[in-house]
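Student: Residues 146 to 537 in the working numbering are what the sequence shown spells out, letter by letter.
Quick caveat, the hints were computed from the structure, so don't treat them as lab data.
The calculated lysine-lysine pairs, modelled on DSS-like cross-linking and capped at a C-alpha distance of 27 Å, are:
no.: 1; residue 1: Lys184; residue 2: Lys256
no.: 2; residue 1: Lys412; residue 2: Lys248
no.: 3; residue 1: Lys514; residue 2: Lys495
no.: 4; residue 1: Lys289; residue 2: Lys345
no.: 5; residue 1: Lys495; residue 2: Lys537
no.: 6; residue 1: Lys314; residue 2: Lys240
no.: 7; residue 1: Lys412; residue 2: Lys256
no.: 8; residue 1: Lys202; residue 2: Lys225
no.: 9; residue 1: Lys314; residue 2: Lys225
no.: 10; residue 1: Lys310; residue 2: Lys256
Since the structure is predicted, the reported quantities are computational estimates derived from the model, not experimental observations.
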Amino acid sequence: MMTAYRHVGKVSMLAAVATALLVCTGAVGAAGQAAVGDKVLALWLWGSTVRSQGADKVAQDLAKHGVTDVFLLVRGTAGKADYQSSLAPPAEEGKEALGDLLKACRPLGIKVHAWFVFNQDKAYTDEHPEDRLWHHGNASTEFKPYEITDGRVCPASEAHLEYTKAMIKEVLEGYDVDGIHLDYIRYGHMVYCFCERHMKKAAELGIDVDRVRQVLFDTNYASPAQPDLYFEKFIEGDPDVAAWVNMRREEVQTAAAAFREAAESVKPGVAFSAALMPEGALEETYAFAMCHYSQSYEDAGKLYDFVCPMAYHLDYDKAPDWVGQVTAGTIEAVGSGVPVYAGIQAYGDKADYDQVKQAVEAALEGGAKGIALFRYGTMTEEFWSAVEAAMK
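Kindly generate the complete structure, drawing on both the sequences and the hints.
Tutor: What follows is the structure in structure tokens.
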């Protein structure tokens with residue numbers, strides 16, 4: 146990873162126009178922000194946990210520990226629905242987590258947000274292989290592009306975008322949820338996506354795809370490789386690399402804006418939020434984030450009512466104070482009007498009382514309006530005690 150990245154001002158015309166439209170039309174309303182307050186204690190919760198432990202037991206435990214908001218996974222990477230859906234297969238036949246958890250949480254005053262994974266949907270791609278993500282290619286394919294078969298979806302797929310919009314509407318029409326929460330609303334790596342639709346789209350935009358592929362090859366696969374080359378080309382404003390990155394950014398932004406519009410069409414004012422990769426919050430890793438994820442914090446500030454940067458410091462081999470740096474960087478990037486609930490790592494062998502407590506403290510000192518714990522299924526009494534001590 147490079148150590149001296151800087152912000153790059155060049156964005157695609159499509160991204161700029163789409164973002165401007167959001168601002169002009171007031172797509173981000175005060176109602177969504179008013180639905181969440183200071184020192185929010187949120188967490189991510191798998192539907193399988195609700196189904197295995199029981200909604201009442203889970204809700205009582207959440208209330209006991211002062212949880213205010215829950216992001217319940219209703220469509221994960223498998224693409225199965227944890228609610229009654231006519232569009233996607235069920236996560237478990239005859240059961241659903243969303244309705245049960247809403248019923249259990251409502252009397253306790255706990256808000257429930259429907260959590261959707263965007264860029265991986267195995268059930269969908271099994272039925273629609275034409276919408277799979279395509280890799281740049283590696284030695285095993287003689288560096289020719291190949292499709293990914295684990296469920297990852299091409300973010301440029303209009304069909305999958307419409308399908309996801311329909312699922313969001315289906316949830317809001319059938320359940321009185323407090324919010325829609327997006328995850329994986331990004332690319333996963335710089336080596337994606339080289340499907341036919343992207344080849345055609347890039348050509349129409351005047352991008353030399355062969356040159357982009359060559360720079361990616363030199364960065365990742367050449368011997369010796371030049372691991373910083375792609376980032377350097379982006380920073381320099383290379384006409385092909387920068388245009389390719391910005392094309393992907395526009396796709397991510399357009400998808401998020403479409404999902405917000407879909408949510409608002411059914412339930413105006415419903416909270417709309419996202420989990421974000423942390424690198425985009427920091428100037429020194431901005432180019433890394435844009436080249437790999439094409440997930441812009443600047444765009445996020447115009448799209449979401451609140452954001453959750455996933456500042457999982459132990460996974461990044463960072464000290465807890467890094468969480469505060471990510472939090473402060475997020476606030477600067479998205480704007481002070483968008484509440485930040487810092488994602489806190491509460492899982493893994495390295496996590497303990499001190500690590501969790503110090504991470505929460507750093508987030509709050511960095512300006513977070515609350516925290517989001519990943520995840521309920523890995524929380525222990527030790528972790529709960531750490532959170533309570535830090536949030537006093």
